[in-house]
Amino acid sequence: MANVCPYGRFTHAIVRGIPESFGQRADGGESVSVDVAKAQRQFGVLTGALRQKVGLQLIEIPADPELPESWRIEDIAVIQGDTALITRPFKQQRRAEADAVRRVMNELNLTVVEMGVEEGGSGGATLEGSDVLFTGREFFVGISKHTNHRGAEVLADTFRDFAVSTVPVCGGCRLKNICSMGGPETIVFSNSEGAKKTQRMMEQLTDHHYDVLSVSEDVASNCVYVRGPAKVDYLLHPTADECPNSITAFQKLPDYTLLPTACSEASKLGGALSSFCLLINRKPNYS
Amino acid sequence: MTTEVGSEPEVKKEPEKSSEEAQAEQQQQLAEQPAEPSESEPSAAAEPQPTPTDSTKPDNTDQQENAEAEPSSPPPSSGQKKEKGISRFLPPWLKRQKSHSQVEPKESSSPTDTPNQTLTEKQEEEEKEEEEAEAAEEQVGKAPEEAEKRQEEAGPKEEGEAVSPVVEQPAETKEVKAEVKEEVKAEEVQAENNSVGSVETQPAKEEKEGTSAEKKGEKGGEEVQESSVLSPLKLGKKMKIVVCHVTLLDGTQFPCEVEKRAKGQYLFFKVCEHLNLLEKDYFGLSFKDNADQRCWLDPTKEIKRQIRNSQWQFAFNVKFYPPDPSQLTEDITRYLLCLQLRQDVSSGRLPCSFVTHALLGSYTLQAELGDYDPEEQRLDSIADFQFAPSQTKELEEKVVELHKSHRGMTPAQADVQFLENAKKLSMYGVDLHHAKDSEGVDIMLGVCANGLLIYKDRLRINRFAWPKILKISYKRSNFYIKIRPGEAEQFESTVGFKLPNHRAAKRVWKVCVEHHTFFRLTNPEQPTKSKFLTLGSKFRYSGRTQAQTRQASTLIDRPAPYFERTSSKRISRSLDGAPVISVSDHGHMLDSARTPGSGENGHDPALELSSDSKSPQVEEEAEPGKGAVAGAVPAELPFETGTDGADSSETKSKLRVQGENIYVRHSNLMLESAEDKLNSEINGQPEVIEVVEETVVIEEVVKAAKPKSSAPEVSVTVASSATEEVPEVKEEEEKSASSDSESEEEAEFHPQSPSDSAHHIQEEPEEEQEQSQKAPPTNAEPQQDAEPETTDKVEAVVNQQKEEDEKTPGEETVVAPEDAPNGHHVQDGEEALTSLGAVAEEEEELEPCVVNGDASHAETERVPQVICCSEPPVVKTEMVTISDTFAAQKTEIATKEVPIVHTETKTITYEAAQLDGTGDGEPGVLMTAQTITSESLCTTTTTHITKTLKGGLSETRIEKRIVITGDSDIDHDQALAQAIKEAKEQHPDMSVTRVVVHKETELAEDDD
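Chains as they are written, first to last, in our numbering: chain R, 1 to 287; chain G, 10001 to 11008.
One or more hints might be untrue.
As the list claims (entries may be wrong) - Label-pair ranges, simulated between beta-carbon atoms:
1) G/THR10392 with R/GLU66: 36 to 42 Å
2) R/SER214 with G/GLY10251: 28 to 34 Å
3) G/GLY10486 with R/ASN106: 42 to 48 Å
4) R/LYS268 with G/GLU10487: 46 to 52 Å
5) R/ASP241 with G/GLU10397: 18 to 24 Å
Everything labelled a hint here was simulated from the structure, so no lab data went into it.
The beta-carbon is built from N, C-alpha and C at its ideal position, and this holds for glycine as well.
The whole structure should be built from the sequences, with the hints applied where relevant.
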C-alpha cells in the first residue's frame, strides 16, 4: 500500500506551547498543582531536542490560555501518510483545540479527515490520539475512558489500508501511558500488570512481530522515537530522575542516541513526552 | 427380492450353492464380457475385443446396449433365468471391480509414482477383503477356470470390460439379494479359506486394479459405472452434456461442456487449461447458491450435486491469496492474481485508502496500457477503468499522475508492484463472513492465511492464529473454535459464533479447514489412522498445500507462456474466442492418468497425481452420505440396477443409498492407505488442527424451507427392530456402528504437534450432511416408501461388513475404524472416547460456549447407531446418518434439532449395525410372524414380530411402530426416548438395530 515505510521516518513535528493555565482542567475539574514555569522549561528542552538534535522541522502553535490542555496536541489528530484525522476528544471543551491544528494540517497539504462533523459527533465517537499506537504497519487503539469503539471505527474507516485493532487499556488512563514505539519494530512496554494485559492482547491481535522493550516504570514506557535523516535512531525518554529503574533498559538499545528529556510536570497531569508533539512525514518516499 | 430370498437361504445352507454361484459366475462372465452370449464363453478368455484404447468399439457399445435394453434378456441357456437370479447374489463389487480392473493398468501407468503407491496401498487393503470374497467366489463357483478366464480377459481388454458392469446391472436388480449373497460368500470363505489360497492371489491383483479403476470411475461421477464405463463408448446415449459458463477473471465467459456428472475438478482443470495456468492451486471455481452466497466448488464432488438447482454458472477466482506473490513462479499467475485483486479493490471487498487506490490504479494502467502517453490517455478514457468502488475525478487525476512516474515499467513489473502494494493491505486475502458473537453482537469472521480474524465493524477485536487453534467445528448454525490455553491459562477455551444459518456455518468451517491446511501445513492432512477418513476427505482440503504448490512450481519448466492482458476497461469484449470443450469427464480423466503430460496434469505430475488420487476418495465419500455406517458394504451394484431395470423410484433410491455406502467404504480404505503413506510426511507438519464437523440435519432445511405445513400435531413413528444375533458379531457391529455414528455427527480435526498430528486427527464423516444434501433431490418424492427399504439395505450392508471383518481380521481396522479414532479422541480428552459417548461429549463441550439458546443436546445420547433422516419431498429434507452402538442415545439429538430447524416433516432412521441383513431382503426362512397393536394415551404401538431361520441361526425381529400424536406441548423427544427405552426393557436380550423417526412438525418459522 502506498506510503508505507518503517516507523520513525518523520520530517516534521507540531507542538503547542504551554499556556499559563497549565494545570487547569479543560472541563473545569479540580486542578493539580504544577510548576508552570518548570513545565515550560521542560517543553523548551523537548522542542530543542526535536529541532536541533533530531533535526525535525518544528511547527509550534502558540499557546492559548483559553485551552489549558491544548499542549496535549497528540490527542487532537492522528496522522499517517498524508492523511490527518482530526479527532474528537472526550472532553467537550477540548474540541476547540482542533481549529489551530486543522489549520496547520492544511498548510502542510495533508488530507484532513474530520471525525466530529457527523451529526451527534459521529454517533458519540470519541478518540484521542494518546490512545492510538501506530506501529508503521497497523493501528492499535486503546479503548479507554477517552476513546470508544465508535471512535476507533472512524479511525479504521480513515486508514483503510491498515488493520486497526482495539485493545483494552487497563493500566494507565491512555494507551500511550503504558506503551510507545521504541523503534521501527520495537514497542516499549511498561511491565505493570495492566500493561502486560494490554501487551498480551496486542500480541494476539497482530500479524507482525515486534520486539518488546520492557521497562519497570509506567512513565518510562512513553518515549518518542525518530529515525533522523542521517539514519540515526533517536529516542527521547524520561530522565533518570523520573524512571531510575528503566534507564538501563534504554541503554540496551543498540546504536541509539538517547535523549533524556524531562516531563515531570506534564506527568502530573497524565501527560507524557509524546503528548507534546504530532509527528509527520512529509516525504513519503523518504527512507 | 422376495422371490430370490428363497433361493438365497438355500444357497447358504446347501453345498449346492457353489454350483449355483458358479453358474452365476458364468453368467456374470457373459454379462461382463462385452461379447454377446454367443461369443461370450468361447472367445471370452482370449477375447481381446476391447482394445486398450479409449475409443470404444462399436461392438461393445452395442452389446452394452443390448444388455441394458434387455435386462431380462436371456442368458444363453434355459437355466439362465435362475442363474440370473443367482448372479445377482454374487457380490456386485466383485464383478464390478473386475470390470474395472481392466481399466486399471492405465492408472498404474500414470505418471506419478506417489499416487500410484497410494493407490496400490489402498488397493491392497481393498484387495484383502476382496481377495477373500473372490476366493469365495471362485471356490464356490466350481468353475474357477471361468473365473480366471474372466479375470485374464479383463486384463487385456481394458475398456471392453468397462462395459461389462452395465451388462451386469440387469442381473442385479435387487441389491439386497446381492448383499445377502455376499454374506453367504463370506461365510463360505471362512469355511473354505484353506482351499482358497492359490486362487486368491491372482484375483487380488486384479482386484487391486479394479479398485483403482473404480476410483477413476468414481471421479467421473457418483454412478461411476455409468460414466466410467460408458462415457467413452456412448456419449450420446448415456452421458448428458451440460454447458458450464465460467466467468474468468478478465470478465470473459468460458463455456465448457462437461458431462452432467462431472466433478468440480474436471471443470476446474478445463478452465486452467484454457488459461494456460500451471500454478492453479491458489485458484478455485465459485458459484452462487440459492441464497446468493458464494460457494466454492468442491473439486472432488460432482458439480451437479453442489450447485443443486442453481445455474451452471461459475466464476474463476483466487481462493488462496498468496501472502507473498513475488514467490509465485509465473507471471501469468501473478497476472491472474492481479485481476482478482483489481476486482476486489474496485468492488470494495478489499478496502483501501485513497492513496492506495491511486497507486494500484496507476500500476494497473502501466500494466495494461504501458507507459503514459499524453496523446492517448485522456482523463475521459481513464474513467473507463474502475479503480475504486466510488471513483472520483480526483482519484483519476491522481492515478494518471502516478502513472507517469512508472515509465519504463513492463507489464509484469507493474503487476509485481501492484501486488507488492496490495499484499500489505490489512484485508488482503481475508475471507469475511457475517456472524454474531456469543452475545449476539454482529461481527465478521475473517479467514486468512494466518488464522481467524474477528472484526467488529472495521475493527479487529480478536485474532486466532492457526497455531492457537486446537479444534474447528460447527454445529448447526454455530461455529466453534477451541483455543489452546495461553501461558497463564490452564484450560483450553472454546469460542462460539453464531452464523446466519447452518450452511453459512459449514461454509466458514470449510474455508477454515482449507485455509489452515493450505497455509499452515506442508501436506494436506491425511485423516488419521482412524479409518474414518470419510469425513476427512470431504471436509478436508484435498488439494495441494502452499508448500506443495511452491515446490511444484519450482519444477515448472516451460518458457513463460504468452498471455494477453485484457484491458480491464473492456471487459465485455471477448466471448468469441472462448473455445468450447467437449470431452467426457471420464475420458479426460483417463487421458490424464495415462499420459502424464496431458492436460493440466502435465506439469509436476507427482503432486498432481496425488491430488487426483485424493479426489477420487473424496468423491466416494461424497456420495456415501448415508452409508457412513454401512459404508463398508460394496453395494454399488444397486445403482446399476436402478439405472437399468428399476422402474420404480423406490428402487433407485434404495440403490443409491447402497451405492453410497459402498463408496464410503472404499473411500475409507483409500484414505487409509493414503494416510499411511502420508503419515511419514506429516511429521513435518507444524500442527494439525482438529476440525470438527457437525452434521446437522438443518442444512437441508434451509433450502427447502418454503412450505409451511399446517399440521400442528407431531406424529412420531418409531420403528425399532430388535434382533437376536450372535453376540460376537454384535460386538463388532457395535464398534463399527459406533464409530460411524461419531463420524457422522462430528468431524474433528485436532491440531497437534507434527508428530502427533496424525494420531489426533479425528475425522468424522459429514456424511450426514452430504446425505442431506443429496437426499433432497433423490429422496424427495419416494422418501417415505423408499426409506424403510433403504434402511434395510443399510443394515444388510453392515452385516456384511461384520462378517467380512470377522473373517479378515486385518481388515477390520478398515471396516471398523472406530477403534483408532476413539483412541485419538481420548487423547484429546474432549472428543468422544467411545463412539457413543463422543457425540454427547462434544455437545457438552460446545454447549458451554453455545451462543444462543440452542436446544440442549444432552439427551442425544440414547439412541442407536445409524441415523438416516430423510424428509418428505414437500418439506426440507435432511439426511443424517449416525451410527452408534446399541445404546439408543442419539435419537433425541436429531429430534431436538427439529424445532430449531422448523422442519415440517422429517424422517430419521437410526440404525445399529447388525449382523444379519434385516428386513425383507434377508434370506432367512420365515418361521413365525405376528402383529400386536396397543394404544395408550398419546401413543399407538404396533408390534410386528418375525422369526426367521437363517443359516442355522434363528432370528427374531420385532418391529414396533409407535405413533405419538399431540400438539407441541408434548415432549416428543421424551416420548420417543421413552418408547425406545421401553422397547429395550421389554426385550433386554435384543438389540435395537433401527429406529426410524418420522416427524411432522409445525413450521414455526423459517430460519433461512
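Taking the hints in turn, this is what the structure says about them:
For the hinted restraint 36 to 42 Å between G/THR10392 and R/GLU66, the CB-CB distance of approximately 38 Å keeps it satisfied. At about 53 Å, the beta-carbon gap between R/SER214 and G/GLY10251 misses the expected band of 28 to 34 Å. At about 46 Å, the CB distance of G/GLY10486 to R/ASN106 agrees with the hint of 42 to 48 Å. Taking the beta carbon of each, R/LYS268 and G/GLU10487 are about 36 Å apart, not inside 46 to 52 Å as hinted.
In this structure the supplied range 18 to 24 Å is violated for R/ASP241 paired with G/GLU10397, their Cβ-Cβ distance being about 54 Å.
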